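**Q** Here the numbering used here is used: the first residue of the sequence shown is 1, the next is one more, and so on.
Treat the hints with care, as some may be off.
Distance ranges between label pairs, derived from CB positions [unchecked claim]:
#1 Arg43 / Glu71: 20 to 26 angstroms
#2 Gln16 / Pro56: 17 to 23 angstroms
#3 Asn2 / His28: 34 to 40 angstroms
#4 Asp21 / Arg43: 38 to 44 angstroms
#5 Asn2 / Arg43: 38 to 44 angstroms
#6 Trp4 / Arg52: 18 to 24 angstroms
#7 Trp4 / Pro39: 32 to 38 angstroms
#8 Asn2 / Met26: 24 to 30 angstroms
None of these hints come from the bench; they were simulated from the model. Keep in mind the model is a prediction, meaning the values are calculated, not measured. Cβ coordinates follow ideal geometry from the N, Cα and C atoms, glycine included.
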Amino acid sequence: MNDWPTLDDFLRTDPQDVGCDRAMEMLHVYVELVAAGAPAEQRYPGIAAHLRACGPCGEDFEGLLAAVRGETD
1 MNDWPTLDDF LRTDPQDVGC DRAMEMLHVY VELVAAGAPA EQRYPGIAAH
51 LRACGPCGED FEGLLAAVRG ETD
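Can you make the complete structure from the sequences, with help from the hints?
**A** Structural data, given as structure tokens:
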């Protein structure tokens, strides 16, 4: 088994991706926009790119969004 798929994913990283640190700094703002139905992806394309690419950050986003919306498991 090799890590070619992982390397390929890394090399195809969206150049707009802001990374984990920046995404986490702004996650609460991004979540509030999404919850309000505002165009968060257009306003913060780098965060949107990161959330699509990073599983852990995407999970944090989904969890926070569910909490803001008052959703339960």
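**Q** Determine for every hint whether it applies to the structure shown.
**A** Here's how the hints hold up against the structure:
1. Arg43 / Glu71: 20 to 26 angstroms: holds, 23 angstroms
2. Gln16 / Pro56: 17 to 23 angstroms: Holds: the Cβ-Cβ distance is about 19 angstroms, inside 17 to 23 angstroms.
3. Asn2 / His28: 34 to 40 angstroms: holds, 39 angstroms
4. Asp21 / Arg43: 38 to 44 angstroms: The hinted range 38 to 44 angstroms is violated for Asp21 and Arg43, with Cβ atoms some 19 angstroms apart.
5. Asn2 / Arg43: 38 to 44 angstroms: holds, 39 angstroms
6. Trp4 / Arg52: 18 to 24 angstroms: holds, 21 angstroms
7. Trp4 / Pro39: 32 to 38 angstroms: holds, 36 angstroms
8. Asn2 / Met26: 24 to 30 angstroms: Violated - the Cβ-Cβ distance for Asn2 and Met26, about 35 angstroms, lies outside 24 to 30 angstroms.
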